[in-house]
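In my numbering, the protein residues as written are 1 to 227.
Heads up, some of the hints might be wrong.
Pair by pair, the computed Cβ-Cβ distance ranges are [what the hints assert, rightly or not]:
{"id": "1", "residue 1": "Leu42", "residue 2": "Asn226", "range": "48 to 56 Å"}
{"id": "2", "residue 1": "Asn226", "residue 2": "Val117", "range": "47 to 55 Å"}
{"id": "3", "residue 1": "Gly175", "residue 2": "Lys37", "range": "25 to 33 Å"}
{"id": "4", "residue 1": "Ala154", "residue 2": "Asn114", "range": "21 to 29 Å"}
{"id": "5", "residue 1": "Arg159", "residue 2": "Gly73", "range": "37 to 45 Å"}
{"id": "6", "residue 1": "Ala25", "residue 2": "Gln72", "range": "43 to 51 Å"}
{"id": "7", "residue 1": "Pro133", "residue 2": "Arg159", "range": "17 to 25 Å"}
{"id": "8", "residue 1": "Pro45", "residue 2": "Asn196", "range": "35 to 43 Å"}
{"id": "9", "residue 1": "Pro45", "residue 2": "Asp184", "range": "46 to 54 Å"}
{"id": "10", "residue 1": "Asn18", "residue 2": "Ala103", "range": "20 to 28 Å"}
{"id": "11", "residue 1": "Asn226", "residue 2": "Asn196", "range": "14 to 22 Å"}
{"id": "12", "residue 1": "Gln212", "residue 2": "Asn114", "range": "22 to 30 Å"}
Because the hints were derived from the structure by calculation, they are not lab data.
Cβ coordinates follow ideal geometry from the N, Cα and C atoms, glycine included.
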Amino acid sequence: MQQLVLDMGLPAQPSLENYFAGPNAAALAHLKLWLGKPGNSLRSPVATYLWGDSACGKSHLLEALRAALQGQGASVGWLDASVQMVPEFDESWACVLMDDVHAYSSAQQEIAFNWFVHAQTLQIAVLAAGSLPPADLKLRDDLRTRLGGGHVFALQPLREAERRAVLRQSAEARGIVLSDEVMDFMLTRFSRDLGNLMELLDLMDGYALQTQRAITIPLIKAMMDNA
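Sequences and hints are given; from them, build the entire structure.
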């Protein structure tokens with residue numbers, strides 16, 4: 001989009017603080033309690049599994065935990081379906097994070113199971129996420145059983161009013177005012193998936209900065225014409 005990416009401001013990095021919980025407040029509270037305060041080395045080793053449709057914030061929460069722990073100087077094990085070069089299990093890890101477990105290949109399932117066994121032996125927590133409840137995951141039995149053996153939270157998608165609140169909050173954090181007219185246009189003309197809406201907000205912000213114009217419906221149309 002005409003070098004638009006070069007002009008975009010950096011989006012906020014995932015954190016527990018900028019996760020809009022909505023109906024998922026219990027899961028967020030659980031993760032905050034597990035993380036504790038900086039310097040906490042006595043975290044519960046009981047596994048946690050988050051599941052739900054896309055755009056429920058599963059990856060956001062796992063990435064937020066990784067960022068929080070790394071910010072405290074801790075290292076973590078991370079595995080998702082896109083990871084090909086997998087490191088050896090490290091006994092110094094503060095936890096093991098596994099994302100998109102429903103999409104793991106046979107080789108990744110073997111690695112995930114081995115990590116799980118090592119983590120449990122060393123009383124290191126495993127926090128994982130997938131699109132299905134544990135019983136419905138098409139994974140090897142020993143891995144599926146372990147994923148469902150601890151705390152399990154079903155995440156729900158945000159309702160429209162909550163999506164609007166998230167968009168408005170994110171826009172205000174950038175110094176952007178989104179009119180109700182613009183918000184209506186975004187929610188009726190584009191994917192209502194929150195992740196896609198946030199990407200759209202990033203593009204709108206960058207294009208507005210590039211063209212020195214306020215964010216309006218004509219600006220959005222012009223941006224799409226130049227895509």
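21 to 29 Å as the expected CB spacing between Asn114 and Ala154, which holds or is violated = 27 Å, holds
Between Pro45 and Asn196, is the Cβ distance one that fits in 35 to 43 Å?
-> 36 Å, holds
Go ahead and decide if the range 22 to 30 Å is satisfied by the Cβ distance of Gln212 to Asn114.
-> Because 54 Å falls outside the window, the suggested range is violated.
Does 14 to 22 Å hold as the CB distance between Asn226 and Asn196, or does it fail?
-> The hint (14 to 22 Å, Cβ to Cβ) holds, given that Asn226 and Asn196 are roughly 19 Å apart.
Do the Cβ positions of Pro45 and Asp184 conform to the proposed distance bound of 46 to 54 Å?
-> 47 Å Cβ-Cβ, so the 46 to 54 Å window holds.
Is 17 to 25 Å a correct range for the gap between the Cβ atoms of Pro133 and Arg159?
-> 22 Å Cβ-Cβ, so the 17 to 25 Å window holds.
For the pair Gly175 and Lys37, does the Cβ-Cβ distance stay inside 25 to 33 Å?
-> Taking Cβ atoms as reference, Gly175 and Lys37 lie about 31 Å apart, which means the hint holds.
Consistency of beta-carbon spacing, Gln72 to Ala25, with hint 43 to 51 Å | 24 Å, violated
So the hint says 48 to 56 Å: do the beta-carbon atoms of Leu42 and Asn226 match that?
-> 54 Å, holds
Honestly, do Asn18 and Ala103 meet the 20 to 28 Å range at C-beta?
-> 26 Å, holds
Within 47 to 55 Å or not, the Cβ separation of Asn226 and Val117?
-> 53 Å, holds
Distance restraint hint 37 to 45 Å, applied to the beta-carbon atoms of Arg159 and Gly73 = 38 Å, holds
This entry does not satisfy hints 6, 12, going by the numbered hints stated previously.
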